[in-house]
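Per mature numbering (1 follows the signal peptide of the UniProt record, and there is no 0): the sequence shown = residues -20 to -1, 1 to 90.
One or more of the hints may lead you astray.
[Claimed, not checked] So the derived label-pair ranges between C-beta atoms look like this:
id: 1; residue 1: Thr8; residue 2: Ile41; range: 39 to 49 Å
id: 2; residue 1: Ile65; residue 2: Phe45; range: 49 to 59 Å
id: 3; residue 1: Gly88; residue 2: Ile61; range: 54 to 64 Å
id: 4; residue 1: Leu37; residue 2: Glu14; range: 46 to 56 Å
id: 5; residue 1: Leu(-12); residue 2: Ile65; range: 42 to 52 Å
[What the hints assert, rightly or not] Heads up, simulated SDA-like pairs for lysine to any residue below, C-alpha to C-alpha not over 20 Å straight-line:
id: 6; residue 1: Lys(-19); residue 2: Phe3
id: 7; residue 1: Lys59; residue 2: Glu24
id: 8; residue 1: Lys(-17); residue 2: Thr11
id: 9; residue 1: Lys(-19); residue 2: Lys6
id: 10; residue 1: Lys(-19); residue 2: Ala(-9)
id: 11; residue 1: Lys59; residue 2: Thr17
id: 12; residue 1: Lys59; residue 2: Val38
id: 13; residue 1: Lys59; residue 2: Gly88
id: 14; residue 1: Lys6; residue 2: Ala(-9)
id: 15; residue 1: Lys59; residue 2: Ile79
id: 16; residue 1: Lys59; residue 2: Leu42
id: 17; residue 1: Lys59; residue 2: Thr87
id: 18; residue 1: Lys(-19); residue 2: Val9
id: 19; residue 1: Lys59; residue 2: Leu37
id: 20; residue 1: Lys(-17); residue 2: Val5
id: 21; residue 1: Lys6; residue 2: Phe(-7)
id: 22; residue 1: Lys59; residue 2: Trp49
id: 23; residue 1: Lys59; residue 2: Val39
Simulated from the structure, these hints should not be mistaken for laboratory data.
A virtual CB, placed ideally from N, CA and C, is assigned to each residue, including glycine.
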Amino acid sequence: MKFKILLTLLVALFSFSASYASFPVKRTVSTATEITTGDSTTTEVLTPIASAVGDNLVVGILLWFFLGWAAGHRWYYGKPILWNIVFILTAGGLGVWWIIDLINMITGRF
């Protein structure tokens, strides 16, 4: 039994020990600088239309309190549908996710 333990420790020692190359390795870093001149073009970025009114914090907290079990606040803020369904199936992460949502709503990071 002692032989098996010793053999296991030796195999672990040799397999997890640091290994170094037996020949010198030269590391080189090459940098390239590219300068472009000419006409600057503008690109149009299409983004989704933002709501004109915005989401109300009081409405979000009321939905969190009364419809939190059904992810009402998450639907109101437009969170992804799959995450809302996971929220409902896990009962708000057993309440932890639900509390984190409240903290994020109050701090403005939701």
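Within 20 Å, alpha carbon to alpha carbon, are Lys6 and Phe(-7)? Given pair Lys6, Phe(-7) is violated - Cα atoms ~26 Å apart, limit 20 Å.
Lys59 paired with Val38 [C-alpha distance capped at 20 Å]: Satisfied, since the Cα-Cα distance of roughly 17 Å is no more than 20 Å.
Taken at face value, is the distance from the CA of Leu42 to the CA of Lys59 at most 20 Å? holds, 17 Å
Given the hinted pair Lys(-19) and Ala(-9), is their Cα-Cα distance within 20 Å? It holds: about 15 Å lies between the C-alpha atoms, which stays within 20 Å.
Compare the distance between the alpha carbons of Lys(-19) and Phe3 with 20 Å, and conclude whether the hinted pair is satisfied. The given pair, whose Cα atoms are some 38 Å apart, is violated under the 20 Å limit.
Check whether the Cα positions of Lys(-17) and Thr11 lie no farther apart than 20 Å. Roughly 53 Å between the alpha carbons, so the hint for Lys(-17) and Thr11 is violated.
For the pair supplied as a hint, Lys(-19) and Lys6, is the alpha-carbon distance within the 20 Å limit? At roughly 44 Å apart (the allowed maximum being 20 Å), Lys6 and Lys(-19) break the hint.
Pair hint outcome, Lys(-17) versus Val5 [Cα-Cα no greater than 20 Å]: violated, 38 Å
Is it true that the C-beta distance of Gly88 to Ile61 lies inside 54 to 64 Å, as the hint says? With a Cβ separation near 23 Å, Gly88 and Ile61 fall outside 54 to 64 Å, so the hint is violated.
Return holds or violated for the Cβ distance of Ile65 and Phe45 against the range 49 to 59 Å. violated, 21 Å
For the pair supplied as a hint, Lys59 and Ile79, confirm whether the alpha-carbon distance does not exceed 20 Å. Judged against 20 Å, a Cα distance of about 16 Å means the pair holds.
Just to be careful, I want the Cα atoms of Lys59 and Thr17 compared with a cutoff of 20 Å; is the pair within it? Measuring from Cα to Cα gives roughly 43 Å; hence the hint is violated.
Checked against the numbered hints listed earlier, the structure breaks hints 1, 2, 3, 6, 7, 8, 9, 11, 14, 18, 20, 21; every other hint is satisfied.
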